[in-house]
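**Student:** Those sequence lines, one after another, are chains A and B.
In terms of this note's numbering, the first sequence has 228 at position 228, counting the first letter as 1, and numbering is strictly consecutive.
In terms of this note's numbering, the second sequence has 57 at position 57, counting the first letter as 1, and numbering is strictly consecutive.
Hints were generated in silico from the structure; no laboratory data involved.
Hints should not be assumed to be uniformly reliable.
What the hints assert, rightly or not - Taking lysine to any residue pairs in the SDA-like style, the calculated list, with each CA pair at most 20 Å apart, reads: (1) B:K68 <-> B:K202; (2) A:K311 <-> B:K139; (3) B:K65 <-> A:T40; (4) A:K368 <-> A:E51; (5) A:K295 <-> B:K173; (6) B:K202 <-> B:D40; (7) B:K173 <-> B:P193; (8) B:K94 <-> A:P316; (9) B:K139 <-> B:K173; (10) B:K65 <-> A:E32; (11) B:K212 <-> B:E61; (12) A:K311 <-> B:P193; (13) A:K295 <-> B:N189; (14) A:K311 <-> B:R119; (15) B:K252 <-> A:T39; (16) B:K65 <-> A:T39; (17) A:K368 <-> B:S175; (18) B:K65 <-> A:W38; (19) A:K295 <-> B:G190.
As the list claims (entries may be wrong) - Chain B is faced by these chain A residues, among others (derived, beta-carbon under 10 Å): (20) W38; (21) T39; (22) D43; (23) Q44; (24) R202; (25) R219; (26) W229; (27) L248; (28) P255; (29) G258; (30) W291; (31) L318; (32) D367; (33) G374.
Where a beta carbon is used, it is the ideal one built from N, C-alpha and C, also for glycine.
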Amino acid sequence: MLLLRLAAVVIALGMNVHGQALSDGQKKLNMESFEFIWTTVRDQYWDPTFEGLNWTAVHDELRPRMERASTMAEARHVMRQMIDRLGKSHFAIIPADVYGDLDEREESGGPATTGIDVRVLDGKAIVTSVEEGSSGTAQGVHTGWGVLSVDGVPVAPSLQRIAEVDRESTMLELHLARSVQAKLSGEAGSRPQVEFLDGAGRHVTKQMERNEPPGPTARFGYLPPMHVWFQARRVESKIGYLTFNLFLDPQRLMPAFGDALQSCADCAGVIIDLRGNPGGLGILATGMAGWFLDKPDQRLGTMHMRQGTIKFTVNPRLPTFRGAVAILVDGCSASTSEIFAEGMKDLGRGRVFGTRTAGAALPSAIDKLPNGDGFQHALADYISEGGQPLEGTGVIPNVEVKLTREALLAGRDPVLEAAIEWVHTRK
Amino acid sequence: MRLRRQLLPLVLATLACSAGWAAPDEPLPKAEDILDKFVDATGGKAAYESVRNERWTGTFEFVGKGIKGTVTSFRAEPNKSLTIVELEGVGTIKQGTDGQTVWESSSMQGPRIKQGEERAAALREATLRAPLYWRKLYKHVETVGQETIDEQPCYKVVLTPEEGKPETQYYDKKSGLMVKMTMSVATPNGEIPSELTLSDYKEEQGLLQPHKLHQSAFGMEILITMDHADHNVDIPTDKFDVPADVKALQPKTPESK
Chain A
1 MLLLRLAAVV
11 IALGMNVHGQ
21 ALSDGQKKLN
31 MESFEFIWTT
41 VRDQYWDPTF
51 EGLNWTAVHD
61 ELRPRMERAS
71 TMAEARHVMR
81 QMIDRLGKSH
91 FAIIPADVYG
101 DLDEREESGG
111 PATTGIDVRV
121 LDGKAIVTSV
131 EEGSSGTAQG
141 VHTGWGVLSV
151 DGVPVAPSLQ
161 RIAEVDREST
171 MLELHLARSV
181 QAKLSGEAGS
191 RPQVEFLDGA
201 GRHVTKQMER
211 NEPPGPTARF
221 GYLPPMHVWF
231 QARRVESKIG
241 YLTFNLFLDP
251 QRLMPAFGDA
261 LQSCADCAGV
271 IIDLRGNPGG
281 LGILATGMAG
291 WFLDKPDQRL
301 GTMHMRQGTI
311 KFTVNPRLPT
321 FRGAVAILVD
331 GCSASTSEIF
341 AEGMKDLGRG
351 RVFGTRTAGA
361 ALPSAIDKLP
371 NGDGFQHALA
381 DYISEGGQPL
391 EGTGVIPNVE
401 VKLTREALLA
411 GRDPVLEAAI
421 EWVHTRK
Chain B
1 MRLRRQLLPL
11 VLATLACSAG
21 WAAPDEPLPK
31 AEDILDKFVD
41 ATGGKAAYES
51 VRNERWTGTF
61 EFVGKGIKGT
71 VTSFRAEPNK
81 SLTIVELEGV
91 GTIKQGTDGQ
101 TVWESSSMQG
111 PRIKQGEERA
121 AALREATLRA
131 PLYWRKLYKH
141 VETVGQETID
151 EQPCYKVVLT
161 PEEGKPETQY
171 YDKKSGLMVK
181 MTMSVATPNG
191 EIPSELTLSD
201 YKEEQGLLQP
211 HKLHQSAFGM
221 EILITMDHAD
231 HNVDIPTDKF
241 DVPADVKALQ
251 PKTPESK
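Next up, chain A with everything else stripped away, as it sits in the complex (with noise of 0.2 Å):
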């Protein structure tokens, strides 16, 4: 099972992290959950040699600061340095409140949103869509307004941070985006007074309400509850755009999108939305491809484990959408939608619209540790049909088209409309 991209969403929208004094009994748990960690890498890394890391002395560097560790927040500090010293994505410490409190509102399943998606663009927090029926949409909000402060609290000073210290990751957008999310999530119930920059240019300040996210909540092991949505509609008479938050729940998620592709089988072409997806199950990535092909063998990619490997071969599902394909992507989309995209794009199924996406592609999975909290690990590295790798590389996608505020303002999407040009020249 690959469990893609995340934890890390988790951890940005719900990580509480707690500063009291540990007791004996806890830094036990906590030297044992130490000592797993190590263990699991040291056993299960694909490259044996680290790429030159010397794991062993990471190890006994790092042993003696977490004997001191006298904090929760302490300890799992040094736990994410040992994993970050790896420099990959899919390595990540969940603290085990996270689960607590998601569980104790399994019918939410996540922290509630004001209804607004935000992504940073030159630098500024911008509005890029608002949900229907949301806080967001009561309060008039635009897209193209930008986010300047939540409870007071101005977003520009983190954003400044994240550019600076991601200057060279292909996360940058990733992390950026999520620095304000988070701040806009919360309890559901709660009131933040957002503060806009609304297309005249003025400052407009919003009683915002976060309410659950759309969507029945999924469970997939050590993953807390999440919400999970499918969207789908006609963009124009023969051109059907489906869009969908994660690769999980696949009961649920695979029928509602075979069905749409089946209700447009007269189109010319669909569009396949993966701005700000952060991906899920690998398998679906194959699972949805499979709508699309028709010849047995195709591969996405493969997955390159110590033991050896698994290709992500496509099981060929009828009937086949022969339709154009355009798939859209930014850099918040992520693992899955990586593994998709670039894996359509190498096999000639589908063109990918967009900026370049999260380069955070490795099948990995989360175990529990022995101090409660969940560690996700990855398990292999992944090599696109193409022979490209997408860790730290990203899809780059065949047509780059930006966002940009004034044509959000204008309500335009030059994304989705150069994807739909493009299915215009295909007919």
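Model the placement of chain B on the given structure of chain A, informed by the hints.
**Tutor:** Same frame as chain A, now just chain B:
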């Protein structure tokens, strides 16, 4: 559910033989003797032949990953099977055969017809009373050595099927039970080396059966626990029919056009 592919015949394979101790320098017993004696020790030929069909239920778990579910499996003579796995967060995964068409279906990947080595292995697994029919199922068997597993000396037997890679089975010298099996599982995603351990043998209506099957591959571990097995139960005649969405994948014959 690739990792389960090799499990089904082993659930019914109740392995025990009264093979005596062999000193390290003693000649190895013939594989034929190990396999034949094991039938007697697990209930005997008559007990196996009294089984016309089987239904068992149990649990399925990805060890340490928090992913759990249930398993329900049906088999009927000569080689029909249907296995249904329900996993939380994943949904239903089915695999089966009517003795000809071998298939698998899930919401994740859709329906699929198995071919080649994968099909051949599935048909071997689906064979009811398989321990009686190893001569039909394998073209060559050979005892190749001894190995200690969980501190118990075992015979190592390699079985080569007509189609597919050889499998290696390990039989506890003392109890005669099969305690381990290694194999390379053919899948559309490539060959997956896999190891299966069998334990917690209990009698189910005259046949000794392992109730814990622990399979590992590529660092992932699956534990299947059998709760209960019934033989000669009322299974609807259409239970093993090929589902419509699988039939739709079959090449059209002149008659069906």
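**Student:** Give a verdict on every hint.
**Tutor:** Quick rundown of the hints versus the structure:
no., hint, verdict
1, B:K68 <-> B:K202, "violated, 23 Å"
2, A:K311 <-> B:K139, "violated, 30 Å"
3, B:K65 <-> A:T40, "holds, 13 Å"
4, A:K368 <-> A:E51, "violated, 27 Å"
5, A:K295 <-> B:K173, "violated, 49 Å"
6, B:K202 <-> B:D40, "holds, 15 Å"
7, B:K173 <-> B:P193, "violated, 25 Å"
8, B:K94 <-> A:P316, "holds, 17 Å"
9, B:K139 <-> B:K173, "violated, 24 Å"
10, B:K65 <-> A:E32, "holds, 18 Å"
11, B:K212 <-> B:E61, "holds, 11 Å"
12, A:K311 <-> B:P193, "holds, 14 Å"
13, A:K295 <-> B:N189, "holds, 15 Å"
14, A:K311 <-> B:R119, "holds, 19 Å"
15, B:K252 <-> A:T39, "violated, 53 Å"
16, B:K65 <-> A:T39, "holds, 17 Å"
17, A:K368 <-> B:S175, "violated, 36 Å"
18, B:K65 <-> A:W38, "holds, 18 Å"
19, A:K295 <-> B:G190, "holds, 17 Å"
20, W38, "violated, 16 Å"
21, T39, "violated, 12 Å"
22, D43, "holds, 8 Å"
23, Q44, "holds, 5 Å"
24, R202, "violated, 46 Å"
25, R219, "holds, 5 Å"
26, W229, "violated, 16 Å"
27, L248, "holds, 7 Å"
28, P255, "holds, 6 Å"
29, G258, "holds, 8 Å"
30, W291, "holds, 8 Å"
31, L318, "holds, 6 Å"
32, D367, "holds, 5 Å"
33, G374, "holds, 9 Å"
Hints 1, 2, 4, 5, 7, 9, 15, 17, 20, 21, 24 and 26, counting from the list given before, are not met by this structure.
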